[in-house]
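My request is simple: use the sequences and hints to build the entire structure.
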Amino acid sequence: GNSVTQMEGPVTLSEEAFLTINCTYTATGYPSLFWYVQYPGEGLQLLLKATKADDKGSNKGFEATYRKETTSFHLEKGSVQVSDSAVYFCALSDRNFNKFYFGSGTKLNVKP
Amino acid sequence: ETGVTQTPRHLVMGMTNKKSLKCEQHLGHNAMYWYKQSAKKPLELMFVYNFKEQTENNSVPSRFSPECPNSSHLFLHLHTLQPEDSALYLCASSQGLSEFLSGANVLTFGAGSRLTVL
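Chains as they are written, first to last, in this note's numbering: chain A, 1 to 112; chain B, 1 to 118.
The reader is advised that the hints may include incorrect statements.
As the list claims (entries may be wrong) - Just the calculated beta-carbon pair ranges, DEER-fashion:
(1) 42/A x 62/B: 26 to 36 Å
(2) 84/B x 69/A: 36 to 46 Å
(3) 9/A x 22/B: 26 to 36 Å
(4) 112/A x 51/B: 40 to 50 Å
(5) 51/B x 45/A: 39 to 49 Å
(6) 79/A x 17/B: 42 to 52 Å
(7) 22/A x 12/B: 36 to 46 Å
(8) 69/A x 14/B: 48 to 58 Å
(9) 28/B x 76/A: 32 to 42 Å
(10) 78/A x 17/B: 47 to 57 Å
(11) 16/B x 107/A: 34 to 44 Å
To be verified - Only some residues are given here: those of chain A computed to face chain B with a beta carbon under 8 Å:
(12) 42
(13) 44
(14) 49
(15) 53
(16) 58
(17) 98
(18) 100
(19) 102
(20) 104
In short, the hints are calculated from the structure, not lab data.
Note that the Cβ used here is the ideal one computed from N, Cα and C, for glycine as well.
This is how it looks when you write it as structure tokens:
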């Protein structure tokens, strides 16, 4: 079946630190992969996506590379800001079952 | 107005009340979704509609009744809810389900309706 596993939080970093949030997936076919971000009191917003192996998605300084060999899509940012504090969700879409699958979310706290 | 709009943003209701959540999308999408987000639980898919037809009911209790009159509007009718139904209810939309084949389908979420059942 399909599933997404991401590291448990919360992750607490100081401003300008390097961020990695791990995400691995299990899929029956060739999924598209996504990172969504949820700021307090809001819905989920698409942060970046990759639709095939070796694609790199990037947005607002965040990056993630679709690694088929390790079934991973880790989120990285070189220098986090306080405004990046949010919950981050890794997700995949399955072309065979017309569904999206979400990880449990990782809360990021960035301290000044 | 653009994107996905949900109303009300906050709702408090008693267990015997009947209320409705509304979702409207201005993206020209053909699929709409209801998700439930509870504290310390994964996001739960509740219902999916594709071109107004329900394609997914994820074993949701009958006290939740969805309605999709057209591809732009989605409702969630609530009656005789329980306190454990308190959660953030998220509406989302995407291009039609056939777009999954291209791998380009993306979910766009609304800001959510925070429901508290007393």
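Tested hints:
Between residue 42/A and residue 62/B the beta carbons are some 30 Å apart, a value that agrees with the proposed interval 26 to 36 Å. Between residue 84/B and residue 69/A, the C-beta spacing of about 42 Å keeps the proposed range 36 to 46 Å intact. Taken as a hint, the range 26 to 36 Å holds for the pair residue 9/A and residue 22/B, whose Cβ atoms sit roughly 32 Å apart. At roughly 49 Å, the beta carbons of residue 112/A and residue 51/B sit within the given window of 40 to 50 Å.
Checked against the given bound of 39 to 49 Å, the beta carbons of residue 51/B and residue 45/A, roughly 25 Å apart, lie outside it. The beta-carbon spacing between residue 79/A and residue 17/B, approximately 48 Å, falls within the hinted interval of 42 to 52 Å. Between residue 22/A and residue 12/B the beta carbons are some 38 Å apart, a value that agrees with the proposed interval 36 to 46 Å. Checking the proposed 48 to 58 Å range against residue 69/A and residue 14/B shows it holds: the Cβ atoms sit about 54 Å from each other.
For residue 28/B and residue 76/A, the Cβ-Cβ distance of about 33 Å falls inside the hinted range of 32 to 42 Å, so the restraint holds. Between residue 78/A and residue 17/B the C-beta distance comes to about 50 Å, which sits within the given range of 47 to 57 Å. For the pair residue 16/B and residue 107/A, the supplied restraint of 34 to 44 Å holds, since their beta-carbon distance comes to about 35 Å. Annotation: interface hint on residue 42/A holds; nearest CB of chain B at approximately 5 Å, less than 8 Å.
Satisfaction of the interface hint for residue 44/A is found here, the shortest Cβ-Cβ separation to chain B being roughly 4 Å, below the 8 Å cut-off. This hint holds: residue 49/A has a C-beta 7 Å from the nearest C-beta of chain B, less than the 8 Å allowed. Given hint, residue 53/A at the interface with chain B, is violated; its Cβ is 11 Å from that chain's nearest Cβ, farther than 8 Å. A distance limit of 8 Å between C-beta atoms decides the matter here; for residue 58/A the minimum to chain B is near 16 Å, and the interface restraint is violated.
Because the closest C-beta pair between residue 98/A and chain B is about 4 Å apart, less than 8 Å, the hint holds. Annotation: residue 100/A was flagged as interfacial toward chain B, and the flag holds, the nearest CB pair being 6 Å apart, inside 8 Å. Of the supplied interface hints, the one on residue 102/A holds, with its beta-carbon coming within about 5 Å of a beta-carbon of chain B, less than 8 Å. A least Cβ separation of about 5 Å between residue 104/A and chain B falls short of the 8 Å threshold, and the interface hint therefore holds.
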